[in-house]
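There are 2 protein chains.
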Amino acid sequence: MAVSKCSRLSGPLIQELLNSVDNFLFDCDGVIWRGDQAIPGAPEVINLLKKNGKRVFFVTNNSTKTREMYAEKMTKLGFQAKTEEVFGTAYCSAVFLKHIAKLDGKVYLIGGNALSKELQKLGIQTVGSGPDPVFGGQSDWADVPLDPEVKAVVVGFDEHFSYMKLTKALKYLNNANCLFVGTNTDTRLPLEGGRAVPGTGCLVRAVETAAQRKAQIIGKPSHFMFDCVVSEYGIDPARTVMVGDRLDTDILLGSNCGLKTLLTLTGVCHLDEATAHQESHCAERTGMVPDYYVETIADLLPALQG
Amino acid sequence: MAVSKCSRLSGPLIQELLNSVDNFLFDCDGVIWRGDQAIPGAPEVINLLKKNGKRVFFVTNNSTKTREMYAEKMTKLGFQAKTEEVFGTAYCSAVFLKHIAKLDGKVYLIGGNALSKELQKLGIQTVGSGPDPVFGGQSDWADVPLDPEVKAVVVGFDEHFSYMKLTKALKYLNNANCLFVGTNTDTRLPLEGGRAVPGTGCLVRAVETAAQRKAQIIGKPSHFMFDCVVSEYGIDPARTVMVGDRLDTDILLGSNCGLKTLLTLTGVCHLDEATAHQESHCAERTGMVPDYYVETIADLLPALQG
Numbered sequence: 001m002a003v004s005k006c007s008r009l010s011g012p013l014i015q016e017l018l019n020s021v022d023n024f025l026f027d028c029d030g031v032i033w034r035g036d037q038a039i040p041g042a043p044e045v046i047n048l049l050k051k052n053g054k055r056v057f058f059v060t061n062n063s064t065k066t067r068e069m070y071a072e073k074m075t076k077l078g079f080q081a082k083t084e085e086v087f088g089t090a091y092c093s094a095v096f097l098k099h100i101a102k103l104d105g106k107v108y109l110i111g112g113n114a115l116s117k118e119l120q121k122l123g124i125q126t127v128g129s130g131p132d133p134v135f136g137g138q139s140d141w142a143d144v145p146l147d148p149e150v151k152a153v154v155v156g157f158d159e160h161f162s163y164m165k166l167t168k169a170l171k172y173l174n175n176a177n178c179l180f181v182g183t184n185t186d187t188r189l190p191l192e193g194g195r196a197v198p199g200t201g202c203l204v205r206a207v208e209t210a211a212q213r214k215a216q217i218i219g220k221p222s223h224f225m226f227d228c229v230v231s232e233y234g235i236d237p238a239r240t241v242m243v244g245d246r247l248d249t250d251i252l253l254g255s256n257c258g259l260k261t262l263l264t265l266t267g268v269c270h271l272d273e274a275t276a277h278q279e280s281h282c283a284e285r286t287g288m289v290p291d292y293y294v295e296t297i298a299d300l301l302p303a304l305q306g
Numbered sequence: 001m002a003v004s005k006c007s008r009l010s011g012p013l014i015q016e017l018l019n020s021v022d023n024f025l026f027d028c029d030g031v032i033w034r035g036d037q038a039i040p041g042a043p044e045v046i047n048l049l050k051k052n053g054k055r056v057f058f059v060t061n062n063s064t065k066t067r068e069m070y071a072e073k074m075t076k077l078g079f080q081a082k083t084e085e086v087f088g089t090a091y092c093s094a095v096f097l098k099h100i101a102k103l104d105g106k107v108y109l110i111g112g113n114a115l116s117k118e119l120q121k122l123g124i125q126t127v128g129s130g131p132d133p134v135f136g137g138q139s140d141w142a143d144v145p146l147d148p149e150v151k152a153v154v155v156g157f158d159e160h161f162s163y164m165k166l167t168k169a170l171k172y173l174n175n176a177n178c179l180f181v182g183t184n185t186d187t188r189l190p191l192e193g194g195r196a197v198p199g200t201g202c203l204v205r206a207v208e209t210a211a212q213r214k215a216q217i218i219g220k221p222s223h224f225m226f227d228c229v230v231s232e233y234g235i236d237p238a239r240t241v242m243v244g245d246r247l248d249t250d251i252l253l254g255s256n257c258g259l260k261t262l263l264t265l266t267g268v269c270h271l272d273e274a275t276a277h278q279e280s281h282c283a284e285r286t287g288m289v290p291d292y293y294v295e296t297i298a299d300l301l302p303a304l305q306g
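Protein chains in written order, with full-length UniProt numbering: chain A, 1 to 306; chain B, 1 to 306.
Treat the hints loosely; a few may be bogus.
Since the list gives no way to pick one copy over another, a pair counts as held whenever it fits inside one copy or between any two copies.
[Stated by the list, open to error] With a straight-line cut-off of 25 Å between C-alpha atoms, the simulated DMTMM-like cross-links for lysine to aspartate or glutamate are:
1) K214 <-> D248
2) K214 <-> E284
3) K102 <-> E16
4) K214 <-> E273
5) K214 <-> E149
6) K214 <-> D147
7) K76 <-> D140
8) K50 <-> E284
9) K102 <-> D248
10) K73 <-> D140
11) K121 <-> D299
12) K73 <-> D29
13) K98 <-> E232
I should point out that these hints are in silico values taken from the structure, not numbers from a laboratory.
Just chain A, same shape as in the assembly (with noise of 0.2 Å):
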């Protein structure tokens, strides 16, 4: 039966997706949970599709946990979730800069603890986490001492953003051989209550048009998160499918890397934004069409038990 996309799954087209696909790629926030409380019925979904043989990864652009924190998190809300099966920007970053850019030095950071630690766990050294306030004048801050050690520089999420930090990163990125890595370009958080607070995008643009760069940059929509995932494990894209609550990056990250893409209305996109990309026929946009939408995962559930 040919399908058009952004289809609604339900009735057999449930069934029928299932039989097509061995590997289930989640984004967590929004689409598993919200903040701090499971999706009614999520944990049972992928424990169910965990026992029905299907291998399950999460994929967040968040880089404020670790592995660990997720695994833990997820076990604490009742998924059965191992931390190998998580791939979070903070474990990415660190995969990229050791083993594609084969970084042989240190990295300054605009980010936090748990980005710190993954970058540590692949023997990566970091500098500059924590609070940086400004001190003196233009010239104190041209001429404030850089870490000779430092090749590349990486901008995750960091609460202490500072202009000495800017600063810095200007400085070590002027040096063309420095890397540049951004680990995502959302621009905001969602929190609960429609609430939002300022993204790693908005810090990754900053440092961006100080050093008048690019940066590579690893989350969703780029490739290299299904990448990792794909060396680790060999899986077929082709038999893959991305579940995400988000069109420019869940679902975009799906069409850019040939998997089956499933958006759910439990988190930041509403279905009339899908349908607008659909009814635009631009060729730009078409990537963010999903192949089917569900309200919530929950709606996976009775297929899953019959």
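Place chain B on chain A using the hints.
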């Protein structure tokens, strides 16, 4: 005599230009001074232009000094300059908010004391100046209390820029009626010896990314700076020359406003950048080709003394 663009201003061309204009707009840093040193001969040029009946104005994107501070610096360096001849983005932002946007409320200010003073001189109260380090966690940031009287966010140069300031700006700008002004978008502040520190443009981009809105930009190349001079002095664009060292701000402002344009090579731009724009025959780049160039504005001295 028809003259092609980007001509070296020398010999009889100088006198021809002097005869054809009544008003000189000078950028400051890189044009009449570098850091704390006058460009040799620049004070004599400015003072002789005035003696010869020309009107002289100083038009700068820098928001870290008041008009009075600029006039004082100029006097110290040997320039005859009056406060009312100085048009900096601190002053012009205040004019924009007071007289164009008719702001009735306070400003949430990401910026320094000079910007705050210029706003206060026009009766606009500001909140937000000075250090504002982060505290608590995500919910504290999202729930940080706002001042209900704030009706505009202004972003200028601020060495105390922080994640907390970014968060507050996002919250104020979530109100679509809140005005959003950026003093300028210069990506770097050049210092002596080829050094540079991050410019206001980095902070504006960070706030724009968080707010998912574009700021109204006051500084060059936006025509508003020139509008300010016109509204106070009624000068004729056709009899005005803009003298600057930057193609993308000074020269483009002049082109945008129908002024004659003169590039001086004592600042950040090189002649080959101007000729590259000219030879591109690209419509978008023609505005960055100056009518004339000089090595230094001191090249005007013989004609003025003669």
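Against the structure, the hints:
In this homomeric assembly, K214 and D248 come within 25 Å of each other (Cα to Cα) both inside a single copy, at 19 Å, and across copies, at 20 Å. When the C-alpha separation of K214 and E284 is checked against a cutoff of 25 Å, the pair qualifies both within a copy, at 21 Å, and between copies, at 23 Å. In this assembly of identical chains, the alpha carbons of K102 and E16 never lie at most 25 Å apart, being 42 Å within a copy and 61 Å across copies at closest. With identical chains, the CA atoms of K214 and E273 are at most 25 Å apart between copies only, with a shortest distance of 22 Å across copies and 28 Å within one.
Taking CA atoms no more than 25 Å apart as the test, K214 paired with E149 passes inside one copy only; the shortest distance there is 22 Å, against 38 Å between copies. Taking the shortest Cα distances, K214 and D147 sit within 25 Å of each other inside one copy (22 Å), while across copies they are farther apart (36 Å). Taking identical chains as interchangeable, the C-alpha atoms of K76 and D140 lie at most 25 Å apart only when they sit on different chains, with a minimum of 24 Å there against 48 Å within one chain. For a Cα distance limit of 25 Å, the shortest separation of K50 from E284 qualifies neither inside one copy, at 35 Å, nor across copies, at 57 Å.
In this homomeric assembly, K102 and D248 never come within 25 Å of each other (Cα to Cα): the closest approach is 29 Å inside a single copy and 38 Å across copies. When the C-alpha separation of K73 and D140 is checked against a cutoff of 25 Å, the pair qualifies only between copies, where the shortest distance is 21 Å, while the shortest distance within a copy is 43 Å. When the C-alpha separation of K121 and D299 is checked against a cutoff of 25 Å, the pair qualifies neither within a copy, at 38 Å, nor between copies, at 61 Å. In this assembly of identical chains, K73 and D29 lie within 25 Å of each other by CA distance solely inside one copy; the values are 12 Å within and 54 Å between copies.
With identical chains, the CA atoms of K98 and E232 are at most 25 Å apart within one copy only, with a shortest distance of 15 Å there and 60 Å across copies.
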